[in-house]
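Taken in sequence, the protein lines are chains U and E.
For reference, each letter of the first sequence is one residue, going 1 to 789 in my numbering.
For reference, each letter of the second sequence is one residue, going 790 to 953 in my numbering.
Check each hint, because a few of them may be wrong.
[Stated by the list, open to error] According to the in silico footprint, chain U covers these stretches of chain E (three or more CB under 8 Å from chain U): (1) 837-850; (2) 854-868; (3) 875-884; (4) 891-901; (5) 910-919.
I should point out that these hints are in silico values taken from the structure, not numbers from a laboratory.
Here a beta-carbon is modelled for each residue, glycine too, at the ideal position from N, C-alpha and C.
What follows is each chain in one-letter form.
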Amino acid sequence: MTALGMSMRRRDAADKAAGRTVYASDVIKPRMLHGGLLRSGVASGVITHLDVERARSMPGVRAVLTADAFPGLYGVGIADHPWLAAGEVRYVGEPIVAVAADSAMILQAALAAIDVTIEERTPVVTMAEALDPDAPILHPGWSDYEVLVDVDVARGGNVAWQATVVRGDVDEVFARTDVRIVESHFRIGRQNQASLETRACVATYRDGRFVIETSTQVPWSVRNWTARILGVDPSSVRVIVPPVGGGFGMKFEVSLEPYAAALARVSGQPVRLVNSRMEEMATALCRENAEIRLRSAITADGRIAAREGVVLMDCGAYSGEQPFLTTMTAHTLFGNYELGSVRLNSQAVYTNTAPTGAFRACNGTYGTFALERHTDEICQQLGLDPEEFRARNVLKDQSLGSTGQVFSGNVHHELLEMISSMRPVDEAEVPAGWLRGRGTAVGTWFVFVGPSAATINLNADGSATLVTAGVEIGSGSTVQAIPQIVAEVLGISPESVVVMQADTDASGYDVGVGGGRTTVSLGAAAQEAALDVRGKLLDAASELMEVSPRDLEVREGRVMVVGDPSMSRTVAEVASHAQAKHGPLIGNGAFTIRGTECLPGCAAGHMIDALDIPIFTVHECEVAVDPATGVVRVLDYRVAQDVGRAINPDAIRGQIQGGVAQGLGYALSEEISIDARGCIEQRGFGDYRLPLAGDVPAVRSELHEGAPSYGPFGAKGAGEIPILNVAAAVGNAIADAIGEPISELPMTPPRVLAAMRGEYRKFRLDHLNEPWLTYVVGDIDAQHGPRAT
Amino acid sequence: MKPELVEIVVNDDRRYLPCSGLVSLAEVLRDELQLTSVKVGCSEGTCGACTVILDGEPTLACLTPAVACDGGSVRTVDGPGELQDLQCALQDALCEADAVQCGMCIPGIVVLVSSLISQGEIRVAEDIPRALIGSICRCSGYSRIVSVIEQVLASQPPTSRGTP
Ligand code: FES
Ligand code: FES
């Protein structure tokens, strides 16, 4: 029996259900102190006075730290983020002082005893304000910041990063008389990851090194950035990751760890920091709010002759992940379809709001929403059939993507066929007077491949221990797909493969768990390590059995002669023979991105010019809308998803159900509003409305196998993409139901009612109405060089 | 502030616990007794992760001041007691259905649902979404959790489903 394709159960489920699993937020250590942060209450201002002496002298207060303890600037694309505010504060919730005390109560008293005066300035709250030529510049020293990646980037003023795509001559196409032009604008709100476990960590300082147990998706980034922020050697930081209580991208960056580490060193005691839900509401690295303009020139035969876009992405006060994410609009908002000429400008814009970040499928979610609403609007305005339009224009084998990469396979086509065969036979009942609609959405996403390392110890008892920096964030990859991959190669049962919890002292470098990369990158490294150790196992068996290794195979826990299973030894026998004779059996594997070509000159300011392993998906749903209240009910939800190879089908379907649920929250109810003072108005789950059990239907899904992927056994990432199309499918279904467009997320009842009144028919964002070139920072021709057409 | 000693029977053990001010039952259980099965997702009574049984009733431990439990009896998911069979049935079925992802919400849901089933508050499948209105799961999208509850409900002898 093969370990692939079986829906193996997870070994960690029983302890999780029994409450025995110890998350970072549960770790308790002898003499452990409670750490906490004094945070700014204003969005923009100058710290004119800061006195921590009274707090420091309070009994039970063990450490009080200010900005000078954190000399390094953090960033993903640009090092622009001081870890404690020095001189200036730039968002509500920005940490100013870090404190460790004997108890939570003393900690609160100490934080209250800190004397700080901030001279408040008028904050830059919206992107429209930030791009106003007279706007205050959030980072007057922006040009001195270090750019951390090897990319030529145009930036300046409040534009932290610009990524552009230029292909062909868009102006010429738009001026043609044989095309019709459709323009749409979209406004997108933030979404909070709201993992049930908040960010949490415990740090100790011993033997001259920092040991940090933390709830993170990126142990190696935490190690390296903690060191850089504190100004110490990276090898002096060790990061261990207990099971993580959900992350969804929020834990893809360093967060509380440098504070805990520094406080532990100063106090000489372990220090725990756990964000409260209120802190998470104020400072989570939300999916960013965004504003989009999209224009398309459509030919008489229903082809897209040109497409032009401007995307503003709010990175908040510090750029974080957004410089990277400006890359992804080219592949999502400008993905899915074959395009003639192209120009797209995506900018990360600084505002005096909490920094935003990565959240499951990131800006792909709203890129797909805008693109697929735009697609339906094109069809509606030009009298085209959306099903035919999609079938005609989706990426096919040998199609060019927006940056000129060549796609292979006809996966979108096959998914569209799968989804049409999944339509319900009977209509679900709805209350009298409610309006019904159906929405379809196509999506393209990718696997965030990158370096991963793996080591396998094949033990003398026939079991295998896999050492990687893989974190169990709940998706099950480290207890399902990855053991299954290793087991398949080694011919043993997946139950006898143990994946060690991530520990940067034990495992090699890894980019982290997220971006749908765990099964692919870590899985591929694990597969290579397994192949390495398998070769050694066969050599040892050949010696023991006096048969050439070429004539041996491993199955069902036995090394056997091909064609003669009666000649066999157990893996344990062979492994213990090898251990006694030559030493333990160890295999190593390493993996990274292979790289995919795009057309030269198309993309500028991009960290990824082409998608290495694209993933495709199609969603469809039926909704009912109450015309009196604007309430939307999802009646049926269907997903056809390209998975490459389904290593654990049940686990994938679990990811689909969960991803769709988060998508429904994004589409319908999870609203974040920011007031004029730069304050996020939602304080907790009382006013931030997450989906509940009654809101989410059981999602029906079909898995598409066989599309090309260089992941292990042809697998692709399956956990991130399920959220990608949800807002798009629901948005199209609502528009279908009410017979009017809707162009904002989330589609809360008041917005649905506004849509019913026709308020999105000519929806325009004033600050996005200028000619495309107006938005370009720097010289576009110089940035793109000699251009392909 | 001087802590006062509060007497609480926790999972059948009589405990004398130092409690200052309005410190919550969740904090005392987690920090003093290391009962970290009591998860804290919000501390504001809005997620259900901290649900315990206080004097027979499902209770949000994060909102309950520990001093208010003086003389009371608390059961967590760890404890033995009359709900144990139901809890085990739910836990086994959750594992079997691959319904557990990050797991943070699960102990609270197990405690709540087993108590509501035994009290007759969840009698038919239609009762489940309302019963889970205070339980947030951010990972799973609920449907497997809901079908597990339906399944356990169906396997209950009618007598244990409470009286109408
Ligand atoms: S922690 Fe008590 S309800 Fe959320
Ligand atoms: S499994 Fe993660 S919150 Fe429910």
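Status of the hints after comparison with the structure:
Residues of the segment 837-850 of chain E lying with their CB closer than 8 Å to a CB of chain U number 1, which falls below the three-residue condition for coverage. Remark: the segment 854-868 of chain E is confirmed as covered by chain U, as 3 of its residues place a Cβ nearer than 8 Å to a Cβ of that chain, reaching the required three. Under the rule that three or more residues need a Cβ within less than 8 Å of chain U, the assignment of the segment 875-884 of chain E holds, with 4 such residues. For the segment 891-901 of chain E, the stated coverage by chain U is satisfied: 7 residues place a CB nearer than 8 Å to a CB of that chain, which reaches the threshold of 3.
Chain U is given as covering the segment 910-919 of chain E, and this holds because 3 residues of the stretch bring a CB closer than 8 Å to a CB of that chain, at least three being needed.
When the structure is compared with the earlier hints, a violation turns up for hint 1 alone.
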